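Student: Chains as they are written, first to last, in this note's numbering: chain A, 303 to 679; chain B, 25 to 406; chain C, 1145 to 1464.
Since the hints were made in silico from the structure, they are not lab data.
None of the values given here were measured: they were computed from a predicted structure.
Note that beta-carbon positions come from the ideal geometry of N, C-alpha and C, so glycine has one too.
Heads up, some of the hints might be wrong.
As the list claims (entries may be wrong) - So, partial list: chain A residues that the calculated Cβ filter (under 10 Å) puts toward chain B:
no.	residue
1	D353
2	E421
3	I423
4	L471
5	L500
6	G508
7	P605
8	M619
9	G641
10	A668
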Amino acid sequence: MNDRLRRSLVRVGAMASKETLHVLRDPRTLALALVMPVLMLFLFGFGVSFDLDHVPVVVADADRSPASRELVRRITGSRELVSAGEADPAEADRLFRRGDAAAVLVVPAGYGAKVARRERIALQLLTDGSDVTVANQVLSKADALVRAETRRLVGVDLARVDPPLQVKLWTRYNPAGRSALFMVPGLAAYILAISAVLLTALTVAGEWERGSMEQLFASPVGRLEIVLGKLAPYLALGMLELLLVVAFGAAVFDVPVRGSFALFLLVGLFFLVGMLGQGLLISVITKNQLVATQAGTMSALLPSLLLSGMVFPIENMPAALQLLSRVVPARYLVHALRGILLKGNGLAALWPDLLALVLFAAAVLALATARFQRRLA
Amino acid sequence: MSELRRPSARVQLAAVFRKEVRQTVRDRRMMFLLVAAPLLQTVVFGYAVDFTVDGVPAVVVDRDGTDLSRLHARRLLADGTLRRVPAEGGLAGAESALDVGSAAAAVIVPPRFGADLVAGRSPEVQVVIDGTDPNRSTVAGAAASRYFGEVAEDLARARLAAAGRTPPAQLALAPRILYNPTLESPPYMIPGIAAMLLLVVTTIVTAMGLAREREMGTLEQVLVTPIRPVVLLFGKIAPYVVIGFADLMLLVAAGAWVFGVPLRGPLAVLVVGTLLYLLTTLGVGLLISTISRTQQQSFLAGILFLLPAVLLSGVMSPVRAMPAWLQAITWVNPVRHYAEVMRSCLLRGAGFADLAVPLAALALIGGAVFALAVARFRTRLA
Amino acid sequence: MLGPPRPPAIEARGLTRRFGAFTAVDGVSFEVAPGEIFGYLGANGAGKSTTIRMLNGLLAPTSGTGLVAGHDVARDPEAVKASIGYMSQKFSLYLDLPVRENVAFFGGAYGLAGATLARRADEVLARAELRDVGDVTTGELPGGLRQRLALACAILHRPEVVFLDEPTAGVDPLARRTFWRIIRDLARDGTTVFVTTHYLDEAEYCARIGLMVDGRLVALDTPAGLKRTWVPEDVLVVRGRGLREAAAAVAGRPEVKNVVPFGAGLHLRVAPGSLRPEDAARLLSAAGAAEVSVEAAAPSLEDVFLAVVGNGARRAEGAP
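Given the sequences, and given the hints that come with them, work out the whole structure.
Tutor: Right, here's the structure in full:
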């Protein structure tokens, strides 16, 4: 038994070294595989953000009193909202269509007089609802600013008043609210998913097309041995990518690494095995590079981006999609990485994620091996 | 002896087009991936992407336990932004809930809250937010702040009134939201998702197409014929223009039917915009294929283009939120312009005049990329 | 029939092609007359395919000139392409298309359309004896039929010159015969055929043969002429056992020019008339061989090939 296992391992080793040589001999693919994570990191870190500044707001001031000008100054003087000039409310449509403004603040005639008379005043804010993110932020910010203005009026009136109630807000784990911290763990999952699935999908499908698979079947290498041998170099490459992402994240975006490094490597490993297996399964089924890449893209890239909790929270999705996300391994990695890197979570908190990853990896590998028929037909 | 000294470009184009169609349409798996899969994805992801933050799981630690504190707790949770989750063990329990992730916010009402409030002493409510998801934490924090802010304001006014003074003017924001009054995410996301899917379907496939012919050996046979480079390249992309348009119609129809995405603008804008966009995406695919030797290389190069193109397009996150230098770079990103055309036309009813700039940008980029691809294409092996 | 002599269909003058430091083709010169079947032989890597690729416009020559159907391959490759047909060494038609679609595509590439295309398609399929497999997917065709299809697609536009790079590689003998029948028909109709092959029995069909060794053209003549030049001796075909050891005894004799292992036996090259088969058999048996049988044979192109490649480099300096 021991001897058989040893010989099997030797065969796996031989396959793995052959595959590694293939990978090393293709510097372009290698460079791309290593450059891509760093590139993505920069893109995500700088490019994907929901912190909006300087949103252009057009003002329609029908009153033109000192009070109204003060109001306008306070609202458009904030960091988030800036003045994009003055216009008539009727032009809102045109402004929005051209993207010249995100909202039009309408100050009614008689504003100053009403303030003096201590009446209740409604300030209309025409908002471009087609860009939901911007609209939400504009509404939220404008609301806060208007309330602040009200409180200021109250304060001006009351010489000294203790606020009846105070609220103290503490933010944990990401006090500056930087998107980067939120993104990087999700990003790691995304990058790994893509590389793993697509690289393996291409290689094995490519071998089928070139006919070198036939050669392999004439040798005594077994199916599982082929599978493991082929995955080996890409596993190493994937771990390298993972380390790169986290290292750069820490260096450039100050993403902390609070938890256990060993646990971090473990979840990364099982995630990779699962995604590599997925790529392998696709290529074994399709045997065609063109089809394999399309199938790989559809099944790995988009679900990892949209259903993993990386950008959009899973709790907000309809029940059917929440269920679907349970078979997306990226979901577990994102949760685990966020826990380990940002919160310092350990195995006690994250064992369900690890288990899920292990199960997925095992299932996919079993499927791939089963479908890998060592006959040509 | 040779027939036809100068073969007609039209005949050559027809031959290439027919062959490409035959090869693509014959492959059922490809047709599924190119047509059915994008449709499926649009529907699924239309449901998945949701920017509205509500039901944030929150723990309320009421260390006062009076009727007044419980009243405020109920009112705080009334609008649904925060959703109460139970937690044992008071403060420690709340902390561990945040750590594990079963709650994203903890509202801590201090002891003697009710008594202090009535007596005019200023009690302090603490709100602890899990900042890992900045979007969610901002909304949760804002909801708590707004509620207690309102409470404070009402109390201040009541005191002024009790002291016999007229409370000052009260300003209120009356938002009127155009185009998408309930701020549903699908009308915002679906045009973007469509842009993204079209890119995935057209660029990668074209990029790999020529490389595939090179690998298979058929390119050599084609190069030895008098087919002109322009004809070959145009013929290669033509079927994907058709497929792209078919996809677009399906996606717009699905968006309208399933998610209520409106179609307010002129159809002509959509058609012209899509045509220009497809020209750029296919042109990029061709350009990539002229510089790659193998399918694997062209695929990786395609992905290298695709990822930044999608991320820096305004589809996932607003262009306005990017730093200025990055915003400048997005001007050469066709996805950005096309997403803008789609959103503006479908939701805001924008026409050619409003969208002149992004349409012109698409035309420029497409023309440049295509010209470059033709120039780089060699009719010799070396 | 008579008239002013026609210019050569293919003219190569000092054609050279280098890839970095490696010279694949070195100063090759020859002419091919219109309607001739010209054979091109050489070991793998000798430079045959590279020469063809230069002549059909796919590779630019590093130096030297080539004229095909009157067009300069370096200056006017597109005109060359329009006048020639080409069958590459590796099968390069679309495996996922049916036979008719491949024909239709390449016909269209050469500018054929409508009724003309339909007529020509029918003609070439008939000529290539592929009429019944018109709707079969190309990938499902056996090797021999695939090659015929490639040939059919190469002659759709009635080119003046057809380049065939190892057209019968891996094809069974019967299919090869059919293929060469088609080639001979083509030549009879006036098409110039430039063909490379490894099968030396096929090379006998060629009017003239060029032999390449390490990028240089070391021999160029009719098959008979080549045999006279390179194998001027008689050839004795020897079969038997224990020949290796016995051959050494015979090799030293003055009449014996060369002893070459051939299959399981030997070829003895002896000065014409100097040694009769019976005498050779006696000598070998005396030297220890058993069951010896010796026959006189006409020298074959295989003998020529072995002679050329064996000492081609040296002879090239002195050969005409």
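Student: All the hints need checking, so say for each whether the structure fits it.
Tutor: Evaluation of the provided hints:
1. D353: Hint on D353(A): holds, closest Cβ of chain B at ~6 Å, below 10 Å.
2. E421: holds (6 Å)
3. I423: Since chain B brings a Cβ to about 6 Å from I423(A), closer than 10 Å, the hint holds.
4. L471: With a minimum Cβ separation of about 5 Å from chain B (threshold 10 Å), the hint on L471(A) holds.
5. L500: This hint holds: L500(A) lies near chain B, its Cβ roughly 7 Å from the closest one there, short of 10 Å.
6. G508: holds (6 Å)
7. P605: holds (9 Å)
8. M619: Holds, about 5 Å.
9. G641: Constraint on G641(A) satisfied, holds at 7 Å.
10. A668: With a closest approach of 23 Å, the A668(A) hint is violated.
The earlier numbered hint that this structure contradicts is number 10, and it is the only one.
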